[in-house]
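Engineer: Residues per chain are reported as follows:
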Amino acid sequence: MSLELILFFVLAIIAIATALGMLLSRSAVYSALYLVVNFVSVAIFYLLLDAPFIALSQIAVYAGAIMVLFLFVIMLIGLETLGGELNWRQLVWPLAMGILLLVQGVFLVIQRVGRDVYIGQTGTQLSDPSLMARVLFTDYLLPFQVTAVLLLVAMIGAIVLSKREKSNQEA
Amino acid sequence: MLLSEANPAAGLFVLVPWIVFAPVIGLLINAFAGKRLGERGVGWVASLASGAAFLVSALQFYALTLHPEGAQVKIAEWIRIGQLSLDWTFRVDSLSVTMMLVVSGVGTLIHIYAIGYMHEDVRFKHDPARFPRFFVFLNLFIAAMMILVSADNYLMLFVGWEGVGLCSFLLIGFWYDLDTLGRSSWANSNAAKKAFITNRVGDFGFLIAGFLIFWYMGSFAFSEVFAAAPEVAKTHPWVITAITVFMLVGVAGKSAQIPLYVWLPDAMAGPTPVSALIHAATMVTAGVYLVTRSFPLFGLTHDGQYIVATVGAVTALFAATIAVGQYDIKKVLAYSTISQLGFMVAAVGMGAYVAGMFHLVTHAFFKALLFLSAGSVILGLERGHHHGHHAPSSPVLPPQGAGNSLSHGEIDRVKEEVFDPGDIRNMGGLRARMPVTFWVYLIGALALAGIFPLAGFWSKDEILLDAFLHYPHVYWLLTLAAFLTAFYMGRQVWMVFFGKARHEAAEHAQESPSVITIPLIILAALSAFGGFINLPFKGFHQFGYWLEHTLGAIEFPPFNFMVAGVSTVLALGAIALSWFLYQRKPLEHGQTDPLAKPLGLVFVGMEQKWFIDEAYQFLFVQPYRALASWLAQKVDWDFWHEWFHDSVLVKGFVTLARLLADPVDLGFIDRVSYWLSDAIRASAETLRKLQNGFVRSYALSVVLGVAAILGYLLLK
Amino acid sequence: MVPVSYYLVLSAILFSLGALGVLIRRNSLVIFMSIELMLNAANLAFVAFTRVHETFSGQIFVFFVMAVAAAEVAVGLALIVAIYRSRQSVDIDQLSSLKG
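Residue numbers (our numbering), protein chains in the order written: chain R, 1 to 171; chain G, 1 to 716; chain B, 1 to 100.
If you are wondering where the hints come from, they were derived from the structure by calculation, not from laboratory data.
Keep in mind it's a predicted model, so treat the numbers as computed, not measured.
Among the clues, some could well be false.
[As the list claims (entries may be wrong)] To give an idea of the interface, some chain G residues facing chain R are shown, with a C-beta separation under 7 Å as derived from the structure:
#	residue
1	V703
2	A707
3	L710
4	L714
[Claimed, not checked] A few chain R positions that, by computed beta-carbon distances, are all more than 12 Å from chain G:
#	residue
5	R26
6	Y30
7	V61
8	L71
9	L142
10	A154
11	R164
All C-beta atoms in this analysis are idealised placements derived from N, C-alpha and C, irrespective of residue type, glycine included.
Work out the full structure, taking the sequences as your base and the hints as a guide.
Structural biologist: Listed below in structure tokens is the structure:
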């Protein structure tokens with residue numbers, strides 16, 4: 001077993017464990033913190049896959065911005081737990097479906113990709129953010145700009161939605 | 001167009017559409033602004049419109065003297081259907097320009113006359129608001145007549161033909177709710193309907209002729225039809241004869257020939273200018289024009305010519321006999337018109353187109369003159385009657401008992417019932433009181449009688465000469481008719497203008513104003529000298545040479561002193577005879593006609609128009625009415641309403657509806673639809689449980705779908 | 001060396017756990033987090049494939065997914081706040097007024 005493989009398994013166990021933790025934790029704050037750990041471990045996977053720019057984006061956007069936003073909302077609402085959430089009788093179908101989905105996914109990977117496809121060695125070029133930027137700003141320029149508009153719209157939408165309307169308050 | 005660039009006069013041909021546009025503009029102005037223009041304005045607009053048409057016609061005449069070959073002026077495409085291709089084209093040649101000049105010239109004079117006449121007529125009938133309408137109709141008539149005479153194909157001619165028929169109908173029925181004496185009556189509208197329906201019979205013949213022409217010649221355009229005619233005459237000789245005979249039916253309707261003449265005497269119900277313009281001078285000559293225009297067709301069929309000539313001659317004599325027995329001044333002239341139209345039709349039937357057209361022109365002058373003078377006489381009598389009514393010594397007073405309860409206007413009307421201003425038995429001795437009218441009437445009467453050297457002498461003599469040379473039986477009929485013509489005109493003149501007044505209205509008759517007499521004087525001059533356009537001597541056939549450009553080479557028979565002498569002697573003899581009967585011992589009031597005793601039953605026949613109207617009533621109108629009422633009662637009411645509608649349709653429908661309602665509608669359609677709706681409702685009840693509002697159960701179904709798709713991909 | 005199928009299986013496991021979270025949790029905030037987890041799983045697969053096929057398309061796609069996720073979180077959390085204001089709850093089962 002190579003070092004890389006060991007690292008992979010360790011990280012994989014952390015990722016799955018934190019995902020389960022998020023899933024099962026009664027407190028929304030704990031769920032959010034588990035998810036942060038999960039995101040960080042996924043970011044390390046990105047580094048292993050020669051995608052440093054994506055990895056740093058993952059840390060900054062997900063683990064940073066998004067999760068802070070979550071925690072902020074949780075604090076704002078102030079309601080952390082809901083009683084009697086995990087009723088086992090209700091869980092039969094979702095559990096069955098989740099397991100089915102997992103089995104199908106694994107089989108699909110084996111069927112379509114194969115067990116023995118290894119990641120190539122020439123990943124050095126992929127890890128260069130300036131090359132990626134060149135592609136992003138030439139071939140994908142239009143989607144990039146549309147994304148900017150999308151973010152603007154989302155920002156306005158968030159403001160409009162969270163604004164307290166005077167008339168509503170008076171009523 | 002056959003215009004040459006070299007001569008500027010040829011450019012005048014393009015003005016020809018204005019003979020139609022000018023009267024149309026006039027009628028539009030009067031139709032929309034007539035109320036505001038006032039009587040004087042309306043009259044002037046209409047007269048100027050007609051005068052403009054005359055001016056354009058005169059310019060065409062001038063252009064034609066320089067370019068005798070004429071022109072076809074196309075202003076629009078008209079019909080394009082398959083192989084049929086017709087244009088709205090004005091034909092300018094010597095024949096059409098002759099008609100244009102007559103129509104617009106006489107028409108303009110009559111327009112001016114009508115200003116004066118209608119001014120009094122609308123007051124006599126107590127409805128001055130109708131004044132503009134009269135001139136609208138009159139201008140419309142001029143426009144339609146111009147289309148008729150300037151047409152370049154039979155269909156366009158037919159448009160004009162129907163247009164003048166419509167105007168005739170409108171103008172005969174101008175006082176549709178009053179009779180000639182201003183009383184409430186439907187007599188005039190009946191006369192209008194009679195004219196229109198009789199003309200329909202004739203138009204039917206014309207249409208058949210048109211269909212035959214198109215079927216065998218393949219065109220409506222004159223030039224193409226005439227070019228194709230000789231070929232058709234060789235292969236199907238009967239076709240040409242049939243065309244001419246059917247055309248004769250149309251001519252008999254429009255130009256009042258036997259057997260369709262009956263509408264023309266009744267048409268005198270229209271105002272006198274209408275009688276003069278439409279029913280004497282212009283419209284009724286359309287048939288003569290049609291035959292002349294179609295001369296290449298008539299030239300190919302001897303049978304057709306023979307029939308046309310005979311019908312014309314018989315009509316001439318027949319109508320003349322009736323004219324002898326009439327008392328109404330306009331009725332006499334009406335039958336005289338029929339008789340003279342018979343002369344023209346006989347002439348063109350014999351192939352003597354120049355003589356026919358010549359008589360058409362002169363007749364337009366003197367018959368318009370006679371009608372207008374008669375109108376002047378009638379107005380004079382009405383004035384005299386009005387004067388007498390207010391005189392203290394008036395012997396004719398309204399009945400005392402009735403007078404108390406009647407308004408003034410009604411008193412007038414009650415009184416009119418006893419006095420007919422058109423009855424020559426009420427006249428007499430008008431020579432002194434209406435001198436201008438007397439002199440012009442005398443000129444017209446002598447011209448009609450055919451006295452040398454007035455217009456009628458030359459034109460009638462030319463017809464008689466042609467008949468004498470080619471159709472002896474026509475000659476005899478026409479000579480006899482000419483004798484009667486002179487006789488009844490003499491009778492009329494003696495009874496109207498000489499002797500003593502037989503009615504106090506005639507005693508107080510007054511001369512008409514100058515707006516009426518000036519057109520009369522102009523027409524009198526034309527009647528007197530109009531004959532000189534075509535003297536029957538070598539080198540003097542100006543009118544004949546003129547028409548030769550259109551009709552081709554014409555043979556001019558030398559002047560025959562025998563024919564002319566016989567007709568002159570007969571005319572003078574007839575006048576002498578009428579003097580002997582009517583003037584030697586002038587008629588007294590209430591006395592019967594001196595002819596009644598010697599002629600006996602014959603005179604009764606003349607007086608009663610040979611009972612033709614009664615015969616038509618018996619033969620056509622009553623059977624038609626009987627058939628109509630039988631159809632209305634039996635076929636329409638009993639069969640269609642009672643039986644077919646009520647029994648068959650209604651009952652059948654009810655039965656069918658009942659049949660459909662119970663087994664089909666309730667039993668099948670309703671059951672199926674109820675089952676469908678129940679099934680849908682039940683399934684909806686089941687399915688609505690799925691929509692429970694819980695997001696997570698929706699998400700579960702999404703996952704279920706994903707799992708299904710993945711399963712499919714796995715197993716594929 | 002790590003076979004790419006390992007990464008893909010890991011991605012499938014994380015995705016299934018995210019889906020399970022959506023299915024079993026009533027707290028709408030946690031459901032939201034589960035959705036983010038599913039997006040991350042998908043991103044991981046993308047990056048793995050990028051490595052296999054030696055092209056930037058996968059990474060760029062991940063970049064766009066992140067942008068969209070950021071926008072989605074902003075709007076989604078605003079929605080949750082708005083709902084909480086009117087209902088005083090983040091329990092997804094109480095939001096069943098669309099029941100048929």
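Engineer: For each hint, tell me whether it holds in the structure or not.
Structural biologist: Hint check:
For V703 (chain G), the interface hint holds, the least distance from its beta-carbon to any beta-carbon of chain R being 5 Å, beneath 7 Å. The beta carbon of A707 (chain G) is positioned within 7 Å of a beta carbon in chain R (closest approach about 5 Å), and the interface hint is therefore held. Proximity of L710 (chain G) to chain R holds as hinted, the smallest CB-CB distance being about 4 Å (cut-off 7 Å). The closest approach between the C-beta of L714 (chain G) and any C-beta of chain R is roughly 6 Å, which is under the 7 Å cut-off, so the hint is satisfied.
Annotated as non-interface, R26 (chain R) keeps its C-beta farther than 12 Å from every C-beta of chain G; the closest such distance is 17 Å. With a least beta-carbon separation of about 21 Å from chain G, Y30 (chain R) lies farther than 12 Å from that chain, consistent with its non-interface assignment. The Cβ of V61 (chain R) sits about 25 Å from the closest Cβ of chain G, beyond the 12 Å cut-off, so the non-interface label holds. The beta carbon of L71 (chain R) sits about 23 Å from the closest Cβ of chain G, which is more than 12 Å, so the claim that it is off the interface holds.
No beta-carbon of chain G comes within 12 Å of the beta-carbon of L142 (chain R); the shortest separation is about 30 Å. Every CB of chain G is more than 12 Å from the CB of A154 (chain R) (nearest about 21 Å), matching its label as outside the interface. With a cut of 12 Å on Cβ distances, R164 (chain R) stays outside the contact zone with chain G, its closest approach being about 25 Å.
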